[in-house]
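Using the hints, position chain Y against chain S.
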Amino acid sequence: MQGHRPQTMGWTPIPEAMTMEISRPSVTASQITALPSPCPCGVIKAEAFSLYYGQKVGVRNVSMEIYPCTVTAIIGPSGCGKSTFLRSINRMNDLIPGVRTEGRLLLDGHDIYDKRTNLVSLRQQVGMVFQRPNPFPKSIFDNVAYGPRLQGIRNRMQLQQIVEQSLRAAALWNEVKDGLNKSALALSGGQQQRLCIARALATRPRILLMDEPCSALDPIATGRIEDLIEQLKASYTIVIVTHNMQQAARISQWTAFFCLGELIEYDRTERIFSNPTNKQTEDYISGRFG
Amino acid sequence: MTIETKDHMALPVVAADRTYRPLYLTAREDLLGLVASWVGRCLLFAITSISILTVLLIFVFVIYQSIPFLQQYGLASFLCSTDWYPQADPPRFGALALIIGSAYVTIVSMAIAVPIGILAAVFLSEVVTHQIRNMVKPVIEVLAAIPSVAYGFFAIKALAPWMQEYLGIPTGANALNASLVLAIMALPTIISVSEDSISAVGRELREAAYSLGSTRLETTVKVVIPAAHSGIMAAVVLGTMRAIGETMVVWMAAGNANQIPSPWWDLTQSVRTMTATIAGEMGETAKGSTHYSALFAVSVVLLLMTSVLNVISNILLGRSLRPSYT
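Note that the protein sequences, when read in sequence, are chains S and Y. Its first residue numbered 0, the first sequence is counted upward by one per residue in numbering that gives the first Met the number 0. Its first residue numbered 0, the second sequence is counted upward by one per residue in numbering that gives the first Met the number 0.
One chain only, chain S, in its complex shape (with noise of 0.2 Å):
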């Protein structure tokens, strides 16, 4: 993985002070070719985007427009390429060989699969949570703190009230306040998917991509998350994929539609679901295909 470390900068707390020099450490004013948006959270564009697991499809030609402070859910068949669409935007399919792309994937006007893209930068705007939850083998504060300490952040006190605040966010503050050294792994999966958001939240993103969340969790911390996520709009971009429809209509304002490693419908969630323009989204929403 290349990349440098951008420098370090102060860490201040979540939402409010996004400022664009903070948020944006390696893209200089020369290189933003388009307008960045008046919300802190990113846009992300796609233009006719394409990527190829060697002579397999990934997702052909998608376009699309993902807005700042929406929660965007991406739905769709298994195989359809949703997972695959979401791992682009962090560059996470850079791990599996024999991967590339055409079209352009615009993060805020900064093409994504630039080779002059840095990677770590990215990757902090970026958060990521996971289909299972994935907590490091350490403590809890450890693995909250990791984002950070990469960044550079070495005081003590001020870890401290970026794990307090991150945990906070995350909704999980309450139940590991009192044994933020004990291991990760002895919490429950709901509690660890939660401590993997306060993770991600931790290394400040302003684009928060979630690869079905849920599906590891019982209803109850499901439940959880979806508020969670509920609240977290405000000040994220957040894209979801989910292979539950219900909760798609529940959290997004929009949605995507997936089949076949191409988009085929994309628009407001009600719209979607009440009215879709396209057969294929009607057949997939009343439950008669995929």
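Just so you know, the hints here were simulated from the structure itself, not pulled from any lab data. Think of the CB as a built atom: it goes at the ideal place given N, C-alpha and C, for glycine as much as any other residue.
Cut-off 25 Å, straight-line C-alpha distance, at most; resulting in silico cross-link-like pairs (SDA-like, lysine to any residue):
| no. | chain 1 | residue 1 | chain 2 | residue 2 |
| --- | --- | --- | --- | --- |
| 1 | Y | K221 | S | G188 |
| 2 | Y | K221 | S | Q164 |
| 3 | Y | K286 | Y | Q70 |
| 4 | Y | K221 | S | N92 |
| 5 | Y | K221 | S | L94 |
To be clear about the criterion: a stretch of chain S counts as covered by chain Y if any three or more of its residues have a C-beta under 8 Å from a C-beta of chain Y, and this derived list gives those stretches:
| no. | stretch |
| --- | --- |
| 6 | 86-99 |
| 7 | 193-200 |
Not everything, but these chain S residues come out facing chain Y in the computed CB check (under 8 Å):
| no. | residue |
| --- | --- |
| 8 | V119 |
| 9 | R122 |
| 10 | Q123 |
| 11 | G126 |
| 12 | M127 |
| 13 | F129 |
| 14 | N133 |
| 15 | F135 |
| 16 | P136 |
| 17 | Y145 |
| 18 | G146 |
Coordinates of chain Y only, in the frame set by chain S:
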């Protein structure tokens, strides 16, 4: 086959009466089953016990054989003196230099092998592609299949003259030579076992690390290696055991001078290990003599050292598997 019921309705019935076995065991079958399971249990227990018993009996035998010597000579003078003169009159059996020699060679070889081994394992699992790893790893594992006498031969015929000629060391048979070869012998174990445990770290953890903005180096150092540390620890202990118990190479290459290295950092001095002493002198001693018994006392020390190592490794492994950290 049908059954005629009262109202002449013919019910079809599966031909059961004679082909199904009765639901209850007869007393004889019951007894036979009991005996069979008991016999099987005993047989498996006996087979398992063979290995346990062998270890225990070796301990008992070695300790038993060393008792006459320890009674006659005393534990203190055995452990605290460096005079090992079994042929003198009266014979002197101070094993301190031998114990230190064993530890010295082992520590030096591990100082060489552990960093190289772990770095090679990281390289194989994290840097190169799977195809290259699958080609290279079997080659490294072949190193473990070379008999130790061949290593010894290499040490004394290739490494020793080279050291004398190019490094200006007076004798080629010295602690550095033995440690180098021991390190080479321990490397395949260390590389193989730690590579396995590093590769076993899940993709989820790596992805989590990358998604938080780690570089590959940070992912490896801060996440992958800590997650694999129990396996790496096991690899190091296995390598250490291999080095401490190795006989042929140290006998041929370490020079067999009965002395504590002084100054301690000078690796070009000859040393003598416990294993080499036992192997070298066992053939010349009369059964039941003090010297014979003294060699068994040396074995006891060696056994204790490896056992302690084993216990330490078990504690370390157990600790790393515990879910709670502080």
